[in-house]
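Once you've looked at the hints, dock chain B against the given chain A.
There are 2 protein chains.
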Amino acid sequence: MKIGIVGGTGDIGEGMAMRLSPLFDVIVGSREADKAEATCTMGREVMKKRGEPCSLTGVTNQGAIDAADVVILAIPFKHVAGTLSSLHGFENKIVVSPVNPMEKTDHFVFVPPQEGSAALMIREMLPKEARLCSAFNTIAANKWKALDEELEYSVPVCSDDAEAKKVVMEIVNKVSHFKAFDAGPLAVSCMVESLTPLLLNIARYNKMRDVSIQFR
Amino acid sequence: MKIGIVGGTGDIGEGMAMRLSPLFDVIVGSREADKAEATCTMGREVMKKRGEPCSLTGVTNQGAIDAADVVILAIPFKHVAGTLSSLHGFENKIVVSPVNPMEKTDHFVFVPPQEGSAALMIREMLPKEARLCSAFNTIAANKWKALDEELEYSVPVCSDDAEAKKVVMEIVNKVSHFKAFDAGPLAVSCMVESLTPLLLNIARYNKMRDVSIQFR
Chain A
45 MKIGIVGGTG DIGEGMAMRL SPLFDVIVGS READKAEATC TMGREVMKKR
95 GEPCSLTGVT NQGAIDAADV VILAIPFKHV AGTLSSLHGF ENKIVVSPVN
145 PMEKTDHFVF VPPQEGSAAL MIREMLPKEA RLCSAFNTIA ANKWKALDEE
195 LEYSVPVCSD DAEAKKVVME IVNKVSHFKA FDAGPLAVSC MVESLTPLLL
245 NIARYNKMRD VSIQFR
Chain B
45 MKIGIVGGTG DIGEGMAMRL SPLFDVIVGS READKAEATC TMGREVMKKR
95 GEPCSLTGVT NQGAIDAADV VILAIPFKHV AGTLSSLHGF ENKIVVSPVN
145 PMEKTDHFVF VPPQEGSAAL MIREMLPKEA RLCSAFNTIA ANKWKALDEE
195 LEYSVPVCSD DAEAKKVVME IVNKVSHFKA FDAGPLAVSC MVESLTPLLL
245 NIARYNKMRD VSIQFR
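Residue numbers (this note's numbering), protein chains in the order written: chain A, 45 to 260; chain B, 45 to 260.
Everything labelled a hint here was simulated from the structure, so no lab data went into it.
The structure displayed is predicted, hence computed values, not measured ones.
Treat each hint with caution, since some may be false.
No copy labels: a pair is met if it fits in one copy or bridges any two.
Below, computed lysine to aspartate or glutamate pairings styled on EDC-like, alpha-carbon distance capped at 20 Å [what the hints assert, rightly or not]:
| id | residue 1 | residue 2 |
| --- | --- | --- |
| 1 | LYS251 | GLU207 |
| 2 | LYS148 | ASP204 |
| 3 | LYS189 | ASP205 |
| 4 | LYS92 | ASP254 |
| 5 | LYS92 | GLU147 |
| 6 | LYS79 | ASP69 |
| 7 | LYS251 | ASP204 |
| 8 | LYS223 | ASP254 |
Next up, chain A with everything else stripped away, as it sits in the complex:
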């Protein structure tokens, strides 16, 4: 399976690409193909040193969408609208949003767009044939990058497309010790997206690092 990462050279995308590269064919997208290829070269070296297999290809964001079966939007909320308006070809692709609309004042606050969540806003921006899921919302960039560390995370997945949700939950379950949970339709993705500012506040106020969430 080919997984394309839009924003694959960003803070979250880079670690995500490396974690996924032994498991899937990963197409790293960036605004500039050179930058994506540089990230892939670095990634291949890291994985080679670790003695792990690795499939990484660096292209443009558009190239990553065109080549992939599943497209992950690894972009901060503030860049979602601008980035998506410059891209096309999402028809019939499974698209994954790990995006959390939040702001930091004295603490972190969930600040959803008028649609109610980042996922619902993204759904409005994509063609109706795109098969949108939200997943991976609570996993921080440095945890994606900490390849030596197994991650014990419960990962809620939302979608209105049952088959796409099943595929994404299977992807989730292959990564580290992630465990996917069906969290319902996109209509309730706000409740998943607001977990991240909650966890960031809990980390801050309880002097913890990288708080994970587990459902039992």
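Chain B alone, transformed into the frame defined by chain A:
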């Protein structure tokens, strides 16, 4: 310490009263004092059979507020406004809201009032001297009642009053295997209140029962 439970004969209040009765002096409030006393009589019998100490007193909701140091509002969201408008004497009391504003359609949805959360709405309804915290939001009625079961729950606590928050976190940490986490000010209580509909959806869609949440 005297803990008053407004709505102490309700679905959540009843189990809460029994769980707290070996640890604190629990004042069970109800609209009718007779009903509160009946709940206490039943509770005393249950705890006696279990060989556990038990301090339960049944009074009116107003009596529970008047007698208590800490008042827990164990009432469904839809009854909060009506109940609070008939009560007084919250000045200088620590008040705990476990209230979650949610609705069930095909799934559970977080439906906050215009203030942004139940806790923020309650703050507007109470005198400014009341020391409001939110806590216990994700613990279901049947878990409160399952006295044989130790509960491994992470319990986020929000408040704008640091000292009141500390007292409530200490109470939380005494109950079963609850672990209190400082989740920040009341401004972010919406992120805690939306956990309950999220967990109810996860239970439903993954065929689980009484999903708990743990922060690690």
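Here's how the hints hold up against the structure:
In this homomeric assembly, LYS251 and GLU207 come within 20 Å of each other (Cα to Cα) only across copies, at 18 Å, whereas the closest approach inside a single copy is 40 Å. Only between protomers do LYS148 and ASP204 lie at most 20 Å apart by alpha-carbon distance; the minimum there is 17 Å, versus 30 Å within a single protomer. Proximity of LYS189 and ASP205 under a CA criterion of 20 Å is satisfied in neither setting, with 30 Å inside one chain copy and 38 Å between copies. Taking the shortest alpha-carbon separations for LYS92 and ASP254, neither the intra-copy value of 27 Å nor the inter-copy value of 44 Å comes in at or below 20 Å.
For the homomeric pair LYS92 and GLU147, neither the shortest alpha-carbon distance inside one copy (38 Å) nor that between copies (51 Å) is at most 20 Å. Within a single copy, LYS79 and ASP69 get their C-alpha atoms as close as 18 Å, which meets the 20 Å cut-off; across copies the closest is 65 Å, which misses it. Within a single copy, LYS251 and ASP204 get their C-alpha atoms only as close as 37 Å, which misses the 20 Å cut-off; across copies the closest is 18 Å, which meets it. Taking the shortest Cα distances, LYS223 and ASP254 sit within 20 Å of each other both inside one copy (17 Å) and across copies (18 Å).
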